[in-house]
Amino acid sequence: MEEGTSMSVRHTDVCDTASCEIRDLLDRLADKWSLLVVELLGQGQQRFGELQRAIEGISQRMLTLTLRNLERDGLVVRTVHPVVPPRVDYELTPVGRSLLTIIGPLVSWTRENRAEITHARARYDSKSSTGPSQQTP
1 MEEGTSMSVR HTDVCDTASC EIRDLLDRLA DKWSLLVVEL LGQGQQRFGE
51 LQRAIEGISQ RMLTLTLRNL ERDGLVVRTV HPVVPPRVDY ELTPVGRSLL
101 TIIGPLVSWT RENRAEITHA RARYDSKSST GPSQQTP
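full-length UniProt numbering puts the last residue of the sequence shown at 137; the count rises by one with no breaks.
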């Protein structure tokens, strides 16, 4: 430790195992696409193209990465069918399905409050565009 600095044991152990694991998983679930994918897969097994068409703005690369990460975390299972052309299906695992009880109310809340949030953003943005002299820190 450098001279002049003081850190308690608590502060030097920035990330104990449990909090790191929680943060890591929450980071995954709270990314831009994961909850949307989980919510769609809550409707049942889907193919890659179906997911991509249903999620506006997601690139093929981001959907691929999102599905891989969800599969790695045990939330999604990927099934490759031995047919020509290849067919790959994605579905939620039991752990992934357990997320639906949490995501459902969040999605409902988002739908119910979307208009109000859009208006709040517009009000904020119009205040912000008046210049720094009008803003409070």
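Worth flagging that the hints you see were computed from the coordinates, not collected in a lab. Wrong hints could be hidden among the right ones.
In silico SDA-like links for lysine to any residue, alpha-carbon gap of 25 Å or less [claimed, not checked]:
#, residue 1, residue 2
1, 127, 42
2, 32, 85
3, 127, 115
4, 32, 43
5, 32, 122
6, 127, 106
7, 32, 119
8, 32, 81
9, 32, 84
10, 32, 112
11, 32, 77
12, 32, 113
13, 32, 44
14, 32, 83
15, 127, 101
16, 32, 42
17, 32, 130
18, 32, 60
19, 32, 86
20, 127, 116
21, 32, 111
22, 127, 108
Quantities reported herein were computed from a predicted structural model and do not represent experimental measurements.
Each hint, compared with the structure:
no. : hint        : result
1   : 127 <-> 42  : 40 Å, violated
2   : 32 <-> 85   : 31 Å, violated
3   : 127 <-> 115 : 18 Å, holds
4   : 32 <-> 43   : 20 Å, holds
5   : 32 <-> 122  : 21 Å, holds
6   : 127 <-> 106 : 29 Å, violated
7   : 32 <-> 119  : 22 Å, holds
8   : 32 <-> 81   : 29 Å, violated
9   : 32 <-> 84   : 33 Å, violated
10  : 32 <-> 112  : 20 Å, holds
11  : 32 <-> 77   : 20 Å, holds
12  : 32 <-> 113  : 19 Å, holds
13  : 32 <-> 44   : 21 Å, holds
14  : 32 <-> 83   : 33 Å, violated
15  : 127 <-> 101 : 38 Å, violated
16  : 32 <-> 42   : 17 Å, holds
17  : 32 <-> 130  : 30 Å, violated
18  : 32 <-> 60   : 14 Å, holds
19  : 32 <-> 86   : 28 Å, violated
20  : 127 <-> 116 : 17 Å, holds
21  : 32 <-> 111  : 17 Å, holds
22  : 127 <-> 108 : 29 Å, violated
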